[in-house]
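Given the coordinates of chain A, work out where chain B should sit on it, guided by the hints.
So the protein sequences, as listed, match chains A and B.
Under the working numbering, the residue at position 158 of the first sequence is numbered 158, and the numbers go up by one with no gaps.
Just remember that the working numbering sits 1000 ahead of the position in the second sequence, which is counted from 1.
Just so you know, the hints here were simulated from the structure itself, not pulled from any lab data.
Because the structure is a prediction, the values reported are computed rather than measured.
There may be inaccurate statements among the hints.
Said to hold, decoys possible - Using 20 Å as the maximum straight-line C-alpha spacing, the simulated SDA-like pairs for lysine to any residue come out as follows: (1) K347/A x K461/A; (2) K1082/B x D50/A; (3) K1082/B x A49/A; (4) K649/A x P1021/B; (5) K626/A x P727/A; (6) K339/A x K461/A; (7) K1082/B x T53/A; (8) K282/A x T53/A; (9) K1082/B x R55/A; (10) K649/A x L1129/B.
As the list claims (entries may be wrong) - Label-pair restraints from in silico Cβ distances: (11) M1001/B x K569/A: 51 to 61 Å; (12) L1154/B x A32/A: 27 to 37 Å; (13) V30/A x D1117/B: 28 to 38 Å; (14) Q611/A x D1117/B: 50 to 60 Å; (15) Q1118/B x R699/A: 35 to 45 Å.
Glycine is no exception: its CB is placed at the ideal position from the N, C-alpha and C atoms.
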Amino acid sequence: MTVAATDSETTGQDRKPGPAAANGYEPNMVLANQTFDIVGSRPVRHDGADKVTGRAVYGADVTLPGTLHGAILRSPHAHARILSIDTSRAEQMDGVHAVMTAGDLPDAGDKIVDVGEGDTPLAYVHGNVLAKDKVLYQGHAVAAVAASNAHVALEAASAINIEYDVLPCSLTAPDAMRPEAALLHDDLVTKELGEESNRRSNVAEHFRWTKGDVETGFARADTIVERSFDTATVHQGYIEPHTVTALWNHDGRLLLWCSTQGAFVVRDVVSTILDIPVSTVKVTPTEIGGGFGGKIPVYMEPVAALLSRKTGRPVKIVMSREEVFLGTGPTAGTHTRVKIGASADGKIQAMEAELAYEAGAYPGSFVVPGGMCVFAAYDCENVAVDGYDVVVNKPSCAAYRAPGSPQAAFAAEQVIDEVALRLGLDPVEFRLLNAAREGTRRADGPKFRRIGCVEVLEAVKNHPHYSAPLVGPNQGRGVAIGFWFNAGLESSCTLNVNTNGTVNLVEGSTDIGGTRTSIAMQAAEVLGISAQDILPEVVDTDSVGFTSVTGGSRTTFATGWAAHDAAQKVVDEMKTRAAMLWAVEPEQVEHSKGTYTANGSSATFQELAAQASRTGGPISASATVKPRGVGGSFAANIVDVEVDPETGKVDIVRFTAVQDVGKAVHPSYVEGQMQGGSVQGIGWALNEEYFMGEDGTMRNSTLLDYRMPTTLDLPMIDTCIVEVANPGHPFGVRGVGEANIVPPLPAVANAIHDAVGVRMQRLPMSPPAVWAALAKT
Amino acid sequence: MQSIHVRSTINGQPAEFLCEPRQSLLEVLRDVLRLTGTKEGCNDGNCGACTVEMDGRIVPACLVLGAEAEGAEILTVEGIAKGSALHDLQSAFLTGAALQCGICTPGFIVASKALLDQNPNPSEDEIRLWLANNLCRCTGYDKIVRSVQATASLCREESST
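Only chain A is shown next, with the shape it has when bound in the complex (with noise of 0.2 Å):
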């Protein structure tokens, strides 16, 4: 399927030749350990055609008639108290129909909701979509316009007058925790170990979870290594901005179009925002220009809905490159501490790790995953876990794939890395001597079921990658190992059978990465018929059940599922279909492959939807799942680089990612995933980050600037695709979406130490940091 670069095809002039040139083996490896018909096979996605022709219509495509165009006003400030607000020369100005602030939002009172993410002041959600009292970062939401076209709307925004009283702000979590620090919300309270105490603080949360006696286990280690670390604040990235256009019909009903992880989500949060009935929003999903978690918040939805309700028209919003950056995302900067004892026979004796992470403006940082993940691939008997989930003036963090884990791999593969170094071990033996398997109990309490921590290893082991030599001065190789649970949650899929033997599947997860084709190759299979016999769409909130988010790499997994069960029932349809022709019991009706048989008759799956409207009528079947399988995922990574000592520029020299999938449903996919999460990966190592002014404001907010890898910073992305079944799924499916980006950033860490022996204690590792450690040296 894919093509290996070759020597004929190179001018002989290339820096980088592929690792298959190099080496003499085929790229991108399959350990398969189940085999389907159409699971494991490589179909074009269905929806290809329309994204290659610019045919598919993504959210800044949709236009109805007579529609407005609004622009949001946002805080120039990162902390500060709003004193007056006049909108009075705004709605004067000729094409302006509304203007409006956070008293247009119904009153949030002391309501706690659950929008997703566990239970939350309403008044937290009310506040990230427009301020109220005070702004608590740059970019911060104020007001909004509603316009005949867009620069009227932007003009009009900027002549609304804000009067501010600046404060004190805190960007980093250390930082924040300070007992000095200005307080971000006058009534958070922490939350510590798990009860609510009376101090006041930027601490929203305090928890610990231990598993035996860290300090026995220091006591018996031959070796110990304590490091602290901190990662700069990153975002998700996505290319195509946010956007929605809202209708507030004169039926009553809200009708919202928008580039959106989660349709029924933004249909559940946008009626509790405005304190409607949830039956009166319909969500249409468009197609999304790429969320990695980042397209799972509500935003502007609110603002474009109060904006239609208020002018009696269609109103769309579309962020710009910097609102983007100022407004949505990031995920957390860190600071973080880990420290890990070993005995000279190379066992973990003991894990101790503290984990303070920056929530942005509102509480929920992620660093409870973080704190889950951190030793998660280790079977030791002494671990601590210490978590900080901690305020800060930046904008509210959203999920970034496998949320939490990679600043938290950062750390602890590093001391890994430097313990392994000390007691002279080969790192991966090392690992492979401590891993996690089948009945290991984390620090958190949960005990993992069948996972492929070993097998992932292993095949880093294995891989001609790992003992190939280094080919220049100045290179380094490293490896690093990481984890994500993935999620369940809920799925519903609906499969109606056309005459001619085609089935159209009706689904309401959005498809960022080629889940259409993912989810119908499910149905294939069970089916027996082509995957391009299905015909998958995604539909509005109206016409699908209740479908959680486009996240926690669940979608192949549980949307998945949901059209297996489906498929499962039109097949159960069939076999009555076929007794009722052949005058048998359904019972004797057997089913292989897309063909019935009984007593010596035989029809094909075509044949008998051919004869259906004979047979009882139309042929459909839904199903509906909350799976509770979930089967969690390791990946790793082998990286070579290459350290100029002179500029202290790291380049990827040669990168291979290797994970446990579970079965791969599409390998090309599979491997997309792989390749685009390490890249991410390899970016939030190298170089990406949020420069602040020490007055909280972003330096680098536009893509020049924020500077994310392109073509030239990178290497063919070599992939192993190490399948370990999922018990848990009818296919062995774990979800691939996420733990891929994990190692990339301790690997090219450890790769850089190798390299040129500088321990890398802060991201991004970019020229002037690796400069600054070489000096050092």
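Then chain B, alone, in the frame of chain A:
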């Protein structure tokens, strides 16, 4: 604001439109002519999602004024396929799984076509250099580069037979 009357050729067809002096070519394509295949990712020339060909050169449509299209020949993603047949690059992107979310794909298709038009035998480095103006956040570029390589090799086979 006084509108400007512009005559140009878009995807081989004569196109006449009115635009404001401040409107970019990207706005004109998307909002005036409803050719929404050209995408906006940054509106300051740094992401490549709005790449179009203008008089044989690739440009970010967000950095060109609509008025500058007077007399110009413009090719957008909507003009790449011929009738109902996909261009080889489009087919290669599909069989090579070179897209995930697809928002950057129109820009990559237009830019890659321009590369192959002038250099039917590009090295991996030449492909990477040419496409460095186009950001993709989903794929890590591996399958994009391979699909351009596959198209080049297919075109060479076709021209040698």
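Problem set entry | Hints not upheld, ascending by number | Numbers 4, 6, 8, in rising order.
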